[in-house]
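Trainee: So the sequence lines, in the order shown, correspond to chains A and B.
The first sequence begins at 646 in my numbering and counts up by one.
The second sequence begins at 595 in my numbering and counts up by one.
The set of hints was computed from the structure by calculation and includes no laboratory data.
Do not take every clue at face value.
Here are the simulated lysine-lysine pairs, BS3-like style, with alpha carbons at most 25 Å apart [as the list claims (entries may be wrong)]: (1) B/Lys708 / A/Lys971; (2) B/Lys912 / B/Lys746; (3) B/Lys788 / B/Lys708; (4) B/Lys912 / A/Lys673; (5) B/Lys863 / A/Lys673; (6) A/Lys673 / A/Lys702; (7) B/Lys863 / A/Lys895; (8) A/Lys888 / B/Lys778.
The structure presented is a predicted model; accordingly, all values stated were derived computationally and were not measured.
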Amino acid sequence: MLYKVIVFFTSATILFVGLTYLHLYRKKKGFFTRKSIEKSLELWLSKVMLEDEDAEKPIIIPAKFTKHFRNPAKRQFAINELLNMKRNFTGYTGDNIIKLYLQSGFKKDSMSKFRSTVWHKKAKGINELYVMNQQDMIPKIFKHTNHYNEIVRMEAQTAMIGFLGFEGLRFLDVVTQPVSDWQQVKILEQLKTLDPGEMKNIGAWLQSPNDTVVIFALKLTDVYQQFQVYDEVVSCLAHTNSKVRMLAVKTLVRIDNETTAAVLTSQYSKEAGVNRYAILGAIKRVATENEQSFLTTQLSDEDDLIKLEAAKVLAYCCVDGLDILKQKAAENAEPYEQIYRHVKRELQR
Amino acid sequence: MNILLIILKVITFCILAYSTLLFFFYLWIGIYAIGETRRYVHKNGFTDYRMLASSPHAPSISIIAPAYNEGATIVENVRSLLSIYYSNLELIVVNDGSKDDCLQKLIDTYNLEKIDFFVRYQLKTKTVRGVYKSRNPVFKKLIVVDKENGGKADALNVGINIASNDFTICIDVDCILEQDAILKMVKPFIEETKMRVIASGGVIRIANSCEVEDGRLVKVHLPRQYLPRMQALEYIRAFLLGRMAWSRLNGLLLISGAFGAFDKEIVIKCGGYDHNTVGEDMELVVRMRRYMEEQKVPYKVTFIPDPLCWTEAPASYKILGRQRNRWTRGTYETLKFHKKLFFNPRYGLLGMLSYPYWFFFEMLAPVIEFFGFIVFLFLAGFGMIEWDTFFVLLLFVISFGYLYSSFAVFMEVITYNQYKRKTEIASLLLSALTEPFNFHPFVVWSGIQGYINIIRKKKAWGDMTRQGFQKTQPAKTA
């Protein structure tokens, strides 16, 4: 029995060594094949893209490329080249790229991937369709914005923004699956260059049963200063999710009014740990002389970080804040002497 | 004589059972790692890391690099770290009471001035003598901390106390990071939605014989020397197979001290690095996991298979022996501190699988192998070996080792393929053939020496003299 196992192990070892070298060979061969068509394809594509011809007139695909496109690997390579170009061009050139994509029958490839049950193929299909601005696919792709697979879901959500801009955020009305922080960063970057207009549903998103939607809505409120949802943001301070409360604090000071400082000092007593740091960090933007007594009390907190954060706000927002710190340092040298010097240095910067 | 025979039979049976179990574990690791790596590679295809680097919404990171007597290379190392492109970043270099001119060199090169800085001793450490920042706004990300000597764990704790950002990345200052290393390390923390990611690790690769220019890796080569080459193979096996499999199971106990990212809040709640062990990297991860289990908060320790960090491996038997000796002591101390976890169902997978695996197959492995060898010598001396069976078993073990190594090399080639030349792959595979007769016995012996040190209560870290990286020669002009 053991002899058989040894023979099996030895054969499998030889097989893996063989596969390793086969892979290296295929990789090298693939590299040279790609190189061989890359240059001529790029040259031809650039020429076609920049031609200022009649939009209705079909693009003539040279015979050598038609032959290349029969090979699935080369076909995918050509699709990837077009996708890269489309990401860098808009306007007439961008339209030409789409025209070529459609004329070469590449949309069928993308559709076939989109219909696949394998998650990464499906996601790739969505990616290709939205980069190539295939607007007829919006209803079908929208259905995938709440897909159980996170990558498919993310690509579908990204596609909706790609197609519709801020309007594409409507998936937030229905999404029950989580929207990760990563996806939120991605969408915020995607939206950066677009005009937000009026975000009609933001109030509803702030009350969503999906915590990640609330978090994202708070970020949108912060970035695009949506003053109209001030009350909804205040309501988020009572949310059960600590992360939502912390973000609500940060958002509130970005859309503040005369009551914000009082709201935050009142919230302070209900919080603990990092959320308290967050409140002290945020209140710096809105605190006035009215908060002096609250801040002076926090100077005596047993947590050194609270002392430091309170000292910073005091020095920054109250006229005689630095004098209070100096006096405190004179009365009780440590740690107030160091805190005073630290804050003074920061103020001088 | 009968009793002796029975004892020997029992011992032989136990060793066989142990080996069989270990064999199945390796088999599982190999197979289980495939899925995780495939998933990662596919997922990565949809990721634009550049977007994260420039985004103001990206999480804030503090890199902590402890330095002790690194005067010869510190300026270049810091320059390399400062060149990392990430917007929400601060770099904290902790001078752990160096006896050389490490601090002065930093002050002179980066135009540093001592500033008034209130140090919050959230983690108890040796006294901070001063905090320095540059007068030059170009180096505004840099903070240099000078402290009394207290060891690597203490220096890292000081860095955590000083850090103002949410996540900390602890690294060895002489490591070379890939340009996108920070981006890739941060992503797991912000993409997970169901549980809290408390720590994340990345693949460490061997930089010996690689070409380095201005603190950056410009060309990868397989180490030319035997020992570093063996370690290159060992690291591929450990990182690409072992850690990926454990990561998929969420059972990872170790994130390399050379490069690991942590959730600062949890690190502080756990009490930071423990300076009573030489295995502070593993100990911290075990303590963080234990804390999360006790708090009943869903959590994850992730691992990413990208080669992110390059380090110089010991090239001499003397230095390698010291390193493995220390690793054995570190594992022993960590598992001893947390013996409560051993087969404790309260700690779930951590108590029932991860800890026992490390106990039996990492900590005890050198002891059992060495003991097995002694028993073998004894049996051979008394003519009690059935040589036919012995050679078949020996072949079985060796052929499985070769299979595992060739599979690891195959995985490396189809995923990240760092060694592009066929001759390098051949050299790697040929090195694997020598492993059972040279490298592996030496590693086992170093482990045994680690145990001897434990018995003698020796706690020294062991000097890790490095040779330095190979620098590219500037092109000669005609």
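Trainee: Next, verify each hint and record whether it holds.
Mentor: Tested hints:
no., hint, result
1, B/Lys708 / A/Lys971, "holds (21 Å)"
2, B/Lys912 / B/Lys746, "holds (22 Å)"
3, B/Lys788 / B/Lys708, "violated (44 Å)"
4, B/Lys912 / A/Lys673, "violated (40 Å)"
5, B/Lys863 / A/Lys673, "violated (51 Å)"
6, A/Lys673 / A/Lys702, "violated (39 Å)"
7, B/Lys863 / A/Lys895, "holds (24 Å)"
8, A/Lys888 / B/Lys778, "holds (23 Å)"
In this structure, the earlier hints numbered 3, 4, 5 and 6 are contradicted, and the remaining ones agree with it.
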